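Undergrad: Okay, here's what each chain looks like letter by letter:
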Amino acid sequence: MTAAGWIKRNLFATWWSSILTLLMVALFGIVIPPLLQWAITNATISGTTRSACTDTGACWTFIKVRLDLFFYGLYPSPERWRVHAAFLLLIVSTVLTLKAPMRYQALAGLTLLVLVPVTAGVLLVGGVLGLPYVPTNAWGGLMLNVLLTVVAGVGGFILGIVLALGRRSRLPVVRWVSVCYIELWRGVPLLTVLFMAMLLVPLFMPRGVTVDNLVRAMLALTLFTGAYMAEIVRGGLQAIPRGQVEAATALGLRPWKVQLFIVLPQALRLVIPGVANTIIDLFKDTTLVSIVGLFDLLGVVNQAQKDQAWLGMAREGYAFAAAVFFLSCLLMSMLSRMAEQQGPDKAKHRA
Amino acid sequence: MRISPRDLVSQALVLLALALGFWWLTRMAALNLADRNLNFGFEFLGARAGFDMPFKLVPFTPNSSYGWALFVCFLNTLLAAGLGIVVATILGLGLGIMRLADNWLVRNTALAIVEVIRNTPQLLQIIFWYVAVLQALPPPRAGLQLPGGAILSVRGLNLPSLNFGPHALPAALVLAVALVLAPWLWRRGRRRVTLRAAACALPVASLALVAMSVTSIEFPALRGFNYTGGFVVPPELLAVVAGLSLYTSVFIAEIFRGSIEGVAKGQKEAASSLGLTKMQSLFLVVLPQALRLMIPQVTSQYLNLTKSTSLGAAVAYPELVQIFAGTVLNQSGRAIESMLLVMGIFLGINLLTSAFMNWYNRRVAIVER
Chain C
4 MTAAGWIKRN LFATWWSSIL TLLMVALFGI VIPPLLQWAI TNATISGTTR SACTDTGACW
64 TFIKVRLDLF FYGLYPSPER WRVHAAFLLL IVSTVLTLKA PMRYQALAGL TLLVLVPVTA
124 GVLLVGGVLG LPYVPTNAWG GLMLNVLLTV VAGVGGFILG IVLALGRRSR LPVVRWVSVC
184 YIELWRGVPL LTVLFMAMLL VPLFMPRGVT VDNLVRAMLA LTLFTGAYMA EIVRGGLQAI
244 PRGQVEAATA LGLRPWKVQL FIVLPQALRL VIPGVANTII DLFKDTTLVS IVGLFDLLGV
304 VNQAQKDQAW LGMAREGYAF AAAVFFLSCL LMSMLSRMAE QQGPDKAKHR A
Chain L
64 MRISPRDLVS QALVLLALAL GFWWLTRMAA LNLADRNLNF GFEFLGARAG FDMPFKLVPF
124 TPNSSYGWAL FVCFLNTLLA AGLGIVVATI LGLGLGIMRL ADNWLVRNTA LAIVEVIRNT
184 PQLLQIIFWY VAVLQALPPP RAGLQLPGGA ILSVRGLNLP SLNFGPHALP AALVLAVALV
244 LAPWLWRRGR RRVTLRAAAC ALPVASLALV AMSVTSIEFP ALRGFNYTGG FVVPPELLAV
304 VAGLSLYTSV FIAEIFRGSI EGVAKGQKEA ASSLGLTKMQ SLFLVVLPQA LRLMIPQVTS
364 QYLNLTKSTS LGAAVAYPEL VQIFAGTVLN QSGRAIESML LVMGIFLGIN LLTSAFMNWY
424 NRRVAIVER
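Note that the protein sequences, when read in sequence, are chains C and L. For the working numbering, count along the first sequence from 1 and bump the result up by 3. For the working numbering, count along the second sequence from 1 and bump the result up by 63.
Everything labelled a hint here was simulated from the structure, so no lab data went into it. Everything numeric in this text was worked out from a predicted model, so none of it was measured. C-beta: ideal position from N, C-alpha, C; glycine also. Among the hints, erroneous ones may be present.
Which bits of chain C does chain L cover? Going by a derived footprint, with three or more residues having C-beta under 8 Å, they are [to be verified]:
| no. | stretch |
| --- | --- |
| 1 | 136-146 |
| 2 | 301-308 |
| 3 | 318-328 |
Start from the sequences and build out the full structure, keeping to the hints where you can.
TA: So, in structure tokens, the structure goes:
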């Protein structure tokens, strides 16, 4: 199709469509130039103080001088390689798990679920093996959002599998406990769960036992995400034809082996898109910890825009945070689409 | 059904573990409360609140009780949720229609809006509206005059308010009855035009009745540094409604698009081969089926929005979480009771809505033959 043909068919097919096109172009003409002027043409990024900026454009200098704060919070700069190492470890092991040949995938998955969190935790906290100790109240910025997402995502996924199996159990008590748990958490806002973790956990602990604030937030996010993951996994479990269970039972497999080796592997492959969506939602929701006193990316931006030396930088700060979240979420949904298409025996399955 | 002893034992173990966990939690809580000279109970709801609510729909003073405060902030939560739902639905339908447009530019503009909004955190959007937009508005003396006498300034949106005369209450009752009666008449009047005309005229006439009971309209006026008169929508509420409704609208748009596209193609083809016009096929064939697909999903979005009104706490909008998990909890030290109340209310809203939706879905489900 020629360019002119495409334009005619897609922009000026009818008189009504032509009017719409012209209207949209006019709207863009009004909105986009001032926006570009603010964000690019009149913007400043040089210098290190407020005085470098003009009033007519964005002051990206504000972002530049705080970039480290936005990404790592107060994590000491000589130790930041540990943050990088921990996340690199995570990415490499995830890719290895997805790319591993079918027969090693379970092993790789198990490593991802057990070994990686322990190693990453040791790396980040330190205090052993000659690594200086970094208290969790120094952790902040985007690093905290990613960390909370990873912890609650992995923990919630495992919890979700257990709950989903529980909801389909033939034992009524197990079934009802799972249903109550799932509906309870899905019925309340995440913010109240976070408040509960912050305010009530100390009340339910023995005297003298304190739980770190960050750990409480992790706990709240994990318990909350578990309920949502359970419903996603249940959808996958329901999609597995009964014949699979019957065939496996006929082959003499015990019930737990039927679930573990026959039903779950097939179900989990089906739920990749749902799980990915839940994790993307979780990543966005980790910003809620800024309300209960942790300094994630949003919390740091909230704090930075109140700085007396940099008043009036709210737009720059929030635009930056929004851009970071937007790109991360877009990246995650692209990755999930790739993982979905990559399933080892997809072609055979569909045929 | 046979119950094997093994099943019995494993279920008993689950129950035992639960009971033990519950016992441990209550025991620890009792010890900790005793340490702080507190006991568990809801009597504090009768005590004097001692704080003022910056925004309220019904009278509230520092002398009111905590229990009344609970009701007042519950109303504030409902108000934010209700406004959010209305705005989100309108915007969502608009965006959804744009997403289905034949025009490439319209379709993809809508897609870009949807992608940007749904990939940024809701809380960030609310705070952005509050800090970067509403707090950057001009001060009251330079407020933006909007059509209809409304004024937008850094203090919020000042709307003209209506003063009702003594006949307002009966008129409102008539309107309520008319609104209930109209759909019923409309359905009854499938073959009788007079009934349909009555179904249209009844709400209009009763609305006129309500309008006639208005004695005067009060416009906001600048006195000193602020406005007096009229109704003030605080910037906190505006930010919450803007953030929640925009965020939810993109999900509604996608649901709308998905449901329309989810109606089998054969249905549309059959409609056009029966000689129905494009509009007839849309309203008589596609939409009724698409609505059945849409309603459960949209309801879950409405519920999400209602739960998300708790994010109002970030901009100090006086809703349930801000007041009860914040002010009241700090003042009275009643952490367990306050959290139970707040979570219980949200849970109640959720369970009631789900129960209603299950009933409704059974009622409208297409019976396959």
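Undergrad: Are there hints from earlier that the structure breaks, and if so, what are their numbers?
TA: Hint 1 contradicted; others consistent.
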